[in-house]
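Going by numbering that gives the first Met the number 0, the sequence shown opens with residue 0, and the numbers climb by one from there.
Keep in mind the hints are simulated off the structure, nothing from the lab.
A hint or two may mislead.
As the list claims (entries may be wrong) - Only pairs whose alpha carbons sit at most 27 Å apart, straight line, appear in this in silico DSSO-like list of lysine-lysine: (1) K242 - K193; (2) K172 - K193; (3) K111 - K242.
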Amino acid sequence: MTAFNANDRAQLEAFRDRYQPTFDVDGMLGFRNQTGGFRLLRWEPSDVGTAQALLQEAGSETVARIKVAMHAGKPLALDIEAVERPADLRIPRLGETAAITALAERADAAAKHDAFSGVLLVARGDKVLLQRAWGLADRAANVPVTLETKFRLGSMNKMFTAVAVLQLVQAGKLSLDGSVGDYLPGYPNAEITKVTVRQLLTHAGGTGDIFGPEFEAHRLELRTHDDYVRLYGARGPEHAPGKDYRYSNYGYVLLGDIIEHVSGQSYYDYVDQHVFAPAGMHDSGSLPEAVDVPGRAHAYTRKDASSPWIDAAATLPWRGTAAGGGYSTAGDLLKFARALRAGTLLPPALLAEATRRQTPWYGYGFMAGEHNGVTGYGHGGGSEGMNAAFEVFPAQGIVLIGLANIDPPVIERLVDYYTTRMPLANAPVAAH
Numbered sequence: 000m001t002a003f004n005a006n007d008r009a010q011l012e013a014f015r016d017r018y019q020p021t022f023d024v025d026g027m028l029g030f031r032n033q034t035g036g037f038r039l040l041r042w043e044p045s046d047v048g049t050a051q052a053l054l055q056e057a058g059s060e061t062v063a064r065i066k067v068a069m070h071a072g073k074p075l076a077l078d079i080e081a082v083e084r085p086a087d088l089r090i091p092r093l094g095e096t097a098a099i100t101a102l103a104e105r106a107d108a109a110a111k112h113d114a115f116s117g118v119l120l121v122a123r124g125d126k127v128l129l130q131r132a133w134g135l136a137d138r139a140a141n142v143p144v145t146l147e148t149k150f151r152l153g154s155m156n157k158m159f160t161a162v163a164v165l166q167l168v169q170a171g172k173l174s175l176d177g178s179v180g181d182y183l184p185g186y187p188n189a190e191i192t193k194v195t196v197r198q199l200l201t202h203a204g205g206t207g208d209i210f211g212p213e214f215e216a217h218r219l220e221l222r223t224h225d226d227y228v229r230l231y232g233a234r235g236p237e238h239a240p241g242k243d244y245r246y247s248n249y250g251y252v253l254l255g256d257i258i259e260h261v262s263g264q265s266y267y268d269y270v271d272q273h274v275f276a277p278a279g280m281h282d283s284g285s286l287p288e289a290v291d292v293p294g295r296a297h298a299y300t301r302k303d304a305s306s307p308w309i310d311a312a313a314t315l316p317w318r319g320t321a322a323g324g325g326y327s328t329a330g331d332l333l334k335f336a337r338a339l340r341a342g343t344l345l346p347p348a349l350l351a352e353a354t355r356r357q358t359p360w361y362g363y364g365f366m367a368g369e370h371n372g373v374t375g376y377g378h379g380g381g382s383e384g385m386n387a388a389f390e391v392f393p394a395q396g397i398v399l400i401g402l403a404n405i406d407p408p409v410i411e412r413l414v415d416y417y418t419t420r421m422p423l424a425n426a427p428v429a430a431h
């Protein structure tokens, strides 16, 4: 842990050489830059030959459990995973005004150190409690972020894809238990043709990812969902469909292709007409990166916290897909939340199915369950130059939206900071 916190390659390489030949030094250095390091919260009971402790990220309040096992004749086994903060270590809840003020001050501090550029929005019911912008949308031209700035969403688009799929299910044009083979005749891999729509929605199909060397080699050639199928379609499943849950961007690309084949429209036209338009989301879309979209923020990335921000255009896909990559504003995402609540996009019973856990951590296109002691649903997104979060907490009537045009995990940290402090019961609305 000393070597990790020091962010020292030589120390980490020495640890690898002595204890764990397969230790990924580059990956661990990237993890260190993301977390800022860890501090010890407490040791936990462990078996003989093992050690276990609770840690907290230096740059946030995220809690992790580290497990180390040492047995004669075997390499050291090391595992670190994020966990819920134990009840006895929970941070005291604040009143509504104090929680909103604390969040704004946290964002102010991050922006002051050039570690946040984006928008935060918190609403309860019909009341907006916080709506502010920080940083620059275009650093070269010194253009500030505003509440109207459009941000790339990353994987948050999966919610729109899931709503589109469920609308087609409601219309009788799709079945959750229908298969890839039913809707994409001639799909190249026979095993993948057996994967169901339900399994694609819940990341249970074993359909794998799209990112890696193949994507990098063909990034600007991948322009349609069919293009992705031509590149990845011969690939077999990572696991038997329905036997495991592994986050799959390619599974959502397949859902986009299915939407196109079933509806007779392009994925983009279907979502524009049946999701964005009914919700009043007029500042949302997925136009290609080569199109000059008014108000779309530039994306910025950096190697580590001591490096300068640089334009991330060279990392972006030609166009977003059903798996992610579109853009929106905080205001439009609030409209999306309200349209879901009002039954404008899906019947309430179908929304309830989509936003409850179908797997240990996911519904149909929505992450679902309890986090920081609050039950809700939503989705995040993040890659070079983009970070986004959309969280709905029905019992509290709270919608929390965070958007940034810089690398993760700044939005996750701000969301965690607020959700650990937000009141669990409704309080009088306070202006901010």
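Hint by hint, here is what the structure shows:
Between K242 and K193, the direct Cα distance comes to roughly 13 Å. Compliance with the 27 Å bound is thereby established for this hinted pair. For the hint pairing K172 with K193, the CA-to-CA distance comes to about 18 Å; that is within 27 Å, so the pair holds. Under the criterion of a C-alpha separation no larger than 27 Å, the hint pairing K111 with K242 is inconsistent with the structure, at around 47 Å.
The structure does not agree with numbered hint 3 stated previously, though it agrees with all others.
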